Every structure is written in C-alpha cells, then in structure tokens.
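Enquirer: Line by line, the protein sequences give chains E and U.
One gets our numbering by counting positions in the first sequence from 1 and adding 186 to each.
One gets our numbering by counting positions in the second sequence from 1 and adding 100 to each.
Read the hints as simulated data drawn from the structure, not as lab findings.
Hints may be right or wrong, so weigh each one.
Covered stretches of chain E, as calculated for chain U (at least 3 residues, CB under 8 Å) [stated by the list, open to error]: (1) 221–229; (2) 243–251; (3) 265–278; (4) 342–348.
Below are the DSBU-like pairs computed for lysine-lysine, each with C-alpha atoms no more than 30 Å apart in a straight line [stated by the list, open to error]: (5) Lys116(U) / Lys482(E); (6) Lys323(E) / Lys293(E); (7) Lys289(U) / Lys260(U); (8) Lys486(E) / Lys289(U); (9) Lys483(E) / Lys116(U); (10) Lys293(E) / Lys325(E); (11) Lys483(E) / Lys523(E); (12) Lys428(E) / Lys527(E); (13) Lys428(E) / Lys483(E).
All of these numbers come straight from a predicted model, not from anything done at the bench.
Ideal placement from N, C-alpha and C gives every residue a C-beta, glycine not left out.
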Amino acid sequence: MSEKADTRPATRGVLSKDLLDACISCGFCLPACPTYAMTGQEQSSPRGRITLMRLLETGELAPDDPTLAEESSFCLGCRACETVCPAGVQYGHLLEEWRDEQWRGMKRPWIVRPLLTVANRTWVLRILGSVRRSARKRKTDGQRTLMLGCFERALFPSVSRSLAALDPTISVDPNQGCCGALHAHNGELEKGRELARELGDRLAGTIITTSGGCAAHLADVIGRERVVEASEWLLENSETEKRPLRVGLQDSCHLRNGLGVWKEPRELLGRTAAYVELPSSGSCCGAAGTYALVRKKESKAILAKKIAEIEAADLDLVIAVNPGCLRQLQTGLRKSKSRTKAVHIVDYMRGR
Amino acid sequence: MPTAAPLPPAAIADLKSLLGTRVLTEPGALAAYGRDATPLFRHAPDVVVQPATTEEVAAVMRIATRYRLPVTTRGAGTNLCAATVPLSGGIVLSTTRMTELREVSRDEMLAVVQPGVTAGTLNRAAAAQGLIYVPDPGSKEASTVGGNVATCAGGLRGLKYGVTRQYVLGLEAVLPDGEVIRTGGRLVKDVAGYDLTRLLVGSEGTLAVLTEITMALVPDPEAARYGVAYFASMADAAEAVRDIVAGGPAPATLEFMDTVCVNAVEDFARLGLRRDAGALLLFGDDGEPSAVDRSLARMADVCAGRATHIDLAESVAAAEDLLAARRCNLPALARSGSMTILEDVTVPRPQLAEMVEFVARTAQRHGVRIGTFGHAGDGNLHPTAVVDGDDEAQTAAAMAAFDEIFRRAVDLGGTITGEHGVGAAKLPYLEHRLGPEQMALLRRIKSAFDPLGLLNPGKLGS
C-alpha cells in the first residue's frame with residue numbers, strides 16, 4: 187500500500203470538505219464530460235479536477251500551479267457530470283468555490299472584469315434596459331414578478347416584452363439588479379449569493395425568469411419554490427396551437443442539470459410544432475456563461491459540431507432557453523449562413 | 101521492481117519527439133493519474149503518454165526498455181483493485197486516444213476495436229446490428245474494452261452468459277521490447293499453440309499492452325424481463341437463489357442487495373424500492389418471449405415461499421431503471437460516508453447463504469458498517485465498508501474484517517476476487533488463494549513476457 191488517499195496534512199479552507207469527500211473517484215462522470223471528450227486526459231475530467239481541487243486544498247499543489255489555472259478555466263461548468271453521479275457530488279458548487287480562489291482579483295480573466303463591473307451597477311442595467319426598450323415598469327398584484335436578466339436587457343430586450351405580453355398580470359420592476367450568477371461562476375461567490383438574496387428580497391412573489399442559468403443560481407440561493415423558469419410557466423399558461431415548423435431545442439445546462447427542467451420546453455415545442463430532438467440538445471453549446479469570451483477556441487469547436495447537427499436536421503428554428511446560448515447559436519448560424527434561426531422560447535411562444 | 105528514480109530528461113525528449121503534445125509532464129496532470137477508483141492507493145507517474153496507434157505503443161515500449169522505465173497501462177481508470185496506480189512511477193500509457201471502432205460484423209458476430217473504445221460505445225454499435233457485447237460491469241458507460249479485457253470484467257450477466265474471457269477471440273499486443281504479437285483471431289476453433297489469448301485476459305497490464313481486441317458478440321435477445329423479490333434477510337435471498345439455479349436453466353440475472361444498499365440506491369434512483377426489506381433480489385431472464393415468461397414465473401414461484409413481496413417490472417424502461425440502479429450501487433453507497441472500501445469475494449453457490457451471514461457477523465464484531473450487494477447467481481459478493489476516511493481506526497477495523505472475510509471465502513472453496521482483479525489491493529492475499537507453487541509459476545510466466553519487469557510492477561507476477 188502506498189500512501190493514504192485521504193490524508194490531509196493541512197487544509198487551506200478553500201474548498202468545503204464535505205463536498206470533496208462525496209467523490210469516490212469511481213469515474214462514472216467521465217463519459218458525461220465534454221472537455222474529457224476533447225482531450226481524453228484525466229485532469230480535464232470531473233474526477234480529475236476534483237483530484238486537483240483536493241491537492242489545492244492540502245497545499246500539495248501551489249495556488250499558482252499551471253494545471254490548476256488551466257483546468258479551472260477549461261471546465262465549461264455545464265454540470266453534466268452531476269446528473270450521472272450516483273454519489274451525489276455537487277460539482278457545480280465545487281467549481282464555484284475553486285474559481286473563487288483561482289480567479290480572485292487580478293487572477294480573473296481580464297475580459298470578464300468589465301462584465302462584472304456593469305452587472306454590479308443597477309443604474310447602468312436600468313439605463314441599458316430603457317435604451318434597448320426591454321419590458322416597461324408594471325405594478326400588479328405582485329403574485330409574480332419578472333426577472334430582467336442583465337445582459338438580456340441589452341442584447342435581447344424583446345424577450346422580456348414578449349413575456350410581459352404573454353402574462354398581462356406579471357409585475358415588472360426595471361430597477362432590479364443582477365441575480366449574481368455571473369459573479370458566482372466567475373470567482374466572486376459571496377457577492378453572487380448576496381446579489382441573489384437582494385434580488386429575492388426586492389422582487390415580490392414568484393420570480394419568473396427567462397434565463398436558465400439565472401434560474402438555477404437564484405433557486406440555489408433563495409429556494410426553488412420561489413423561482414419558476416419561463417418554459418415551466420408557459421407550459422401551464424399558454425395556448426398551444428400547432429404551427430407548420432420544424433423546431434429543435436438547445437437545453438440550458440444549468441436549467442437541465444441544475445434544476446432538472448428539460449421535459450417542459452420539449453413538451454411545449456412538441457405541442458406547438460414538429461419537434462426534432464437534436465442528438466446533442468442536452469449538452470453544452472459552448473456559450474457556458476463567460477466561456478465563449480474566455481475560451482474562444484474551445485467554445486468555437488463545441489459550437490461547430492452543434493451547428494453541423496442543426497444543419498443536418500434542416501430546422502426552421504432552434505429554440506434557446508437562456509440568452510447566452512441564444513447569442514452563441516445566433517453567431518454560429520449567421521457565420522455558416524444557415525437558413526435556421528435561433529429564437530428564445532418566450533419570443534417563439536409569442537409568435538415572434 | 102524498477103525503482104522510482106527520476107526520469108532521465110532524454111527519455112522525456114524521446115517521448116515528446118514521438119508523440120508531441122500527447123506527452124504530459126506537469127505535476128498537476130500527473131497527480132490526476134495518481135489514482136483510479138480504488139481508495140487508499142495513490143502514486144503519481146513521472147510522465148503520461150497518449151499513443152494512438154499500435155506503432156506508437158511499440159515505440160513507447162522501446163523507449164521504456166531503453167531507459168528501463170516502468171509502464172502502467174490505463175484505460176478509464178475505473179478499476180477497483182488499484183491495478184492502474186503506477187506504484188513505481190514511470191510512464192502511464194493512456195489508451196484514451198485509441199478509440200477506433202474498426203469493425204462490427206453481423207455475419208461473423210464479432211467486433212474489432214482499439215482498446216480505448218468504451219464498453220458503452222461498443223454496446224451501442226453492436227445494438228445497431230442486433231448484437232450485444234456481453235461484459236456488463238457497473239462501470240460500462242465509462243470503462244474501456246481494453247480495461248474490461250485486462251481485468252476480465254464480469255457484471256450482471258455472468259450466470260447465463262459468462263464473463264469477458266469467454267468472448268475474447270483474438271488480441272494484438274505489444275511486448276515490453278516493442279515486439280507486436282497477434283493471438284487467436286476471428287476463429288471459433290483454433291488450438292494452435294498455448295492459449296495466450298486467455299492468458300492475457302485478466303493479466304492486468306503485467307504481460308503486454310493490448311492494442312487491438314477481437315471480441316465475440318451475441319444476438320440481442322428478443323425479449324428480456326425482470327422482477328424484484330424482497331426478503332427478510334440476505335440468507336433467505338441466498339437460499340432462494342440456490343433453489344432457482346438448482347431447479348432449471350440458469351437465468352440471465354440474479355442480483356441481490358441488503359437493506360443498507362437498497363436504501364442508498366433508492367436515495368439516488370428513487371424507483372420506489374421497499375426501504376424496510378432486509379434484502380432485495382433482482383431476477384431476470386432473456387430470450388424467446390414465451391420462454392422468458394415461463395422463466396420469470398418459475399423464479400417468482402420459487403421466491404414466493406420465502407419472499408415478503410414480489411414486483412414484476414411492467415415495462416422495458418422500468419427494467420432498465422432497475423438494472424441501472426443496481427449498477428450504481430457502489431457510488432450510491434458513498435453517499436453515507438467519505439470512503440467506501442469494496443471487496444469482491446466469491447464462493448460456490450451452495451455456500452452463499454453461509455458467506456453472507458459470515459460477512460454480517462464479522463462486520464458487527466469489528467464495529468464496521470458493511471453493505472453487501474452482488475451477483476448472487478455467481479456466488480459473487482461485494483461487501484462494502486462505508487467509513488470516515490479521516491478516521492484511521494475505522495479503516496483499520498474494516499481491513500481487519502475483510503482479512504477474515506477473505507480467509508473464510510477461500511476456506512469455503514471460494515476466491516478473494518471474482519471480477520475486480522488483484523492489482524495492488526489484493527496482492528497480499530493472493531498467495532493464500534493460489535499457494536506458493538502457483539505464485540512461483542506466475543512469476544516465471546511474468547518474466548517470460550517481461551524479463552526486465554517493466555510492465556505494471558508491484559502487481560500480478562511480482
């Protein structure tokens with residue numbers, strides 16, 4: 187017998203012991219991991235990354251170790267590994283804690299910093315929303331309030347307008363801030379949780395979100411019962427007239443793997459169009475929050491396969507349930523001059 | 101055994117000029133290759149290589165021979181006996197770039213694959229031609245065909261179909277000096293020479309590096325049905341198993357788990373299993389539909405006398421869920437402790453009830469929490485200790501309990517490992533099973549293949 191696997195000479199308090207202890211290194215996660223599929227290398231698998239986290243925690247690897255830096259950024263954070271883990275390892279939480287150390291302050295990728303700066307300022311988000319004409323202020327009985335995603339307000343303002351049109355009694359509060367998912371995934375975990383709590387306090391009643399990534403983070407901090415993602419709500423509350431369209435779906439990783447919401451958008455699309463299941467609809471499109479900015483090369487490689495699949499399926503529309511995925515798919519489809527359009531599920535349900 | 105001397109820079113340079121970026125030397129990457137799915141064993145290699153072809157493997161072996169470097173071949177690293185932990189450092193030869201699925205032939209009912217193809221991938225390719233790949237380890241989505249062959253993987257189909265060794269028709273393998281041999285082939289009958297194919301199956305990377313595998317496939321049965329019977333105790337379930345096997349043709353599946361395992365699996369899979377039962381028996385059969393119905397009815401009948409409750413799976417999906425739940429038993433158990441130490445003792449079927457009772461008594465006597473599951477029809481048990489990895493006394497108590505369990509299994513005419521392999525984890529118990537004469541013969545066989553002792557030192561044949 188060589189050396190005990192779990193002997194920890196000292197711990198640095200970066201990663202929670204109970205989260206690390208849950209992993210027994212069985213390797214069931216390997217086939218679910220998109221980055222392991224790219225390299226076939228242990229350190230770019232969930233199991234291998236947890237080994238790295240353990241060594242960071244014990245100090246056997248220095249915080250500036252190049253493999254630690256590379257792997258904490260190479261990971262998509264898609265959490266596909268969690269759905270196949272019988273031991274119940276909360277990989278997403280481990281990654282957040284890891285990046286909290288690895289991407290702290292000046293170690294954070296420079297391209298992420300201005301995004302966090304914008305998302306930290308509610309007044310900037312309010313002005314962005316009003317310039318881009320996202321959903322306008324509306325006060326109702328407060329049973330449901332619409333969450334206005336920060337980058338969605340700037341990039342896809344029609345989404346909040348469509349939801350406000352589909353749900354005439356939902357409240358809209360343009361003076362809301364960011365939910366903090368961006369922070370939690372990019373090395374500011376505590377700030378990310380604080381922003382989610384603030385948003386939960388500010389918005390009344392059930393919070394309806396149009397972004398799978400935000401939904402998962404918000405639910406994680408303020409409780410699942412207060413958060414309803416748009417396709418869940420639409421399935422219960424909208425007309426489902428069939429349209430002559432071939433439609434595919436791109437899951438939001440955190441919505442699917444974190445909240446377990448994936449049947450709802452499919453059912454919605456199945457009722458309203460000819461639904462085509464893309465072979466990799468459930469796996470990451472490469473947008474992965476800031477990944478498309480931080481890891482351009484890998485993000486493009488993942489996207490290229492996705493676009494080829496969409497082209498092969500000859501779709502009219504491919505539907506996204508998260509603004510990051512929507513932007514990623516639109517970019518890829520535009521570059522390949524595809525006839526397929528990428529549309530947010532809320533815009534799609536409104537017939538836009 | 102070659103010692104863990106620092107790797108000469110010239111060796112790294114030779115490997116890099118051969119494989120370029122498919123050579124890993126960063127300490128973080130190496131550390132990730134320092135363990136497999138076995139707890140308590142850890143040792144990092146000095147370098148990891150990812151060859152893609154037989155020629156590249158042969159070139160790596162020539163470099164290893166030139167510099168006298170230990171080589172540990174690794175597939176997915178899901179084995180449970182520390183077979184892929186490079187105890188002497190040196191080279192880890194990873195097969196994850198050898199993923200070419202060369203052929204699936206319906207006519208000849210065989211597949212030809214490189215060793216890094218996963219069992220799951222081969223299963224799906226075989227299914228597309230109406231065939232199945234028989235080895236069925238719990239890790240089959242992740243584990244590689246090369247690893248399945250190197251450890252002679254068993255799984256959930258052993259009773260009726262046998263294990264990996266019955267299905268390997270031919271192998272291509274690279275010897276430590278870089279020579280390439282081909283054993284067996286596509287033939288059902290071939291007695292030319294010693295059966296080196298069978299010798300290499302289960303040799304755990306100690307004799308040669310497998311580079312191509314020709315694997316027999318079998319027709320996908322027309323129908324498969326499963327049911328679950330609950331018992332007050334594991335011994336009751338074991339007696340039912342004995343009667344089922346004694347009373348008719350061997351069914352495809354007879355798996356059992358005790359109440360600790362049932363609850364762990366139910367926590368993960370949420371299938372509505374009965375948490376209050378002392379033991380669960382998953383029984384199933386496949387083949388022609390009416391024969392399957394008869395077989396299920398017979399098994400349910402035999403169970404009826406002792407079982408507290410019997411459920412038949414209504415749909416194929418429900419049956420798949422049951423099997424999937426059974427396969428994830430080990431990691432599911434890990435939910436209740438920070439470390440699981442799992443064993444693999446196997447006894448003749450008539451001694452099964454006695455063995456499960458002995459396991460339970462021994463666990464109690466040592467104050468260790470042991471959950472037992474396993475392939476009841478094969479007499480193959482997986483008693484699993486769930487311990488706090490930080491508590492050395494708990495680990496020591498578990499090891500002491502297992503020491504007794506191994507000895508008892510051998511005394512009952514059984515073995516120390518049915519399907520997980522020897523690796524580094526069971527090596528201390530191997531002589532008790534084989535005796536000194538066979539141990540010496542193993543070493544002579546090892547040195548005939550590997551006179552310099554480069555391949556996976558500190559394991560079988562050492």
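Enquirer: Now tell me, hint by hint, if it's right for this structure.
Expert: Results of checking the hints against the structure:
Three residues within the 8 Å Cβ limit are the bar, and the segment 221–229 of chain E against chain U gives 4, so the coverage statement holds. For the segment 243–251 of chain E, the proposed coverage by chain U is satisfied: 3 residues have a C-beta within less than 8 Å of a C-beta in that chain, meeting the threshold of three. For a cut-off of 8 Å, the count of residues in the segment 265–278 of chain E with a CB near a CB of chain U stands at 5, and the three-residue condition holds. Here the segment 342–348 of chain E counts 0 residues with a CB under 8 Å from a CB of chain U, which misses the bar of 3, and the coverage is violated.
Distance check on the hinted pair: lysine 116(U) and lysine 482(E) sit about 27 Å apart at the alpha-carbon level, within 30 Å; holds. Restraint check for lysine 323(E) and lysine 293(E): not satisfied, since their Cα atoms lie roughly 39 Å apart, outside the 30 Å limit. For the given pair, lysine 289(U) sits about 21 Å from lysine 260(U) by alpha-carbon distance, which is consistent with the 30 Å threshold. Between lysine 486(E) and lysine 289(U), the direct Cα distance comes to roughly 51 Å. Violation of the 30 Å bound is thereby established for this hinted pair.
As the CA atoms of lysine 483(E) and lysine 116(U) are separated by approximately 24 Å, the hinted pair is consistent with the 30 Å bound. Taken as a hint, the lysine 293(E) and lysine 325(E) pair is broken in the structure, with Cα atoms around 42 Å apart against an allowance of 30 Å. Distance restraint check for lysine 483(E) and lysine 523(E): the Cα-Cα separation of roughly 20 Å lies within the 30 Å cut-off, and the hinted pair is therefore satisfied. The straight-line distance between the Cα atoms of lysine 428(E) and lysine 527(E) is roughly 18 Å, inside the 30 Å bound, and the hint therefore holds.
A threshold of 30 Å between alpha carbons decides the hint, and for lysine 428(E) with lysine 483(E) the separation of about 39 Å lies outside it, so the pair is violated.
Checked against the numbered hints listed earlier, the structure breaks hints 4, 6, 8, 10 and 13; every other hint is satisfied.
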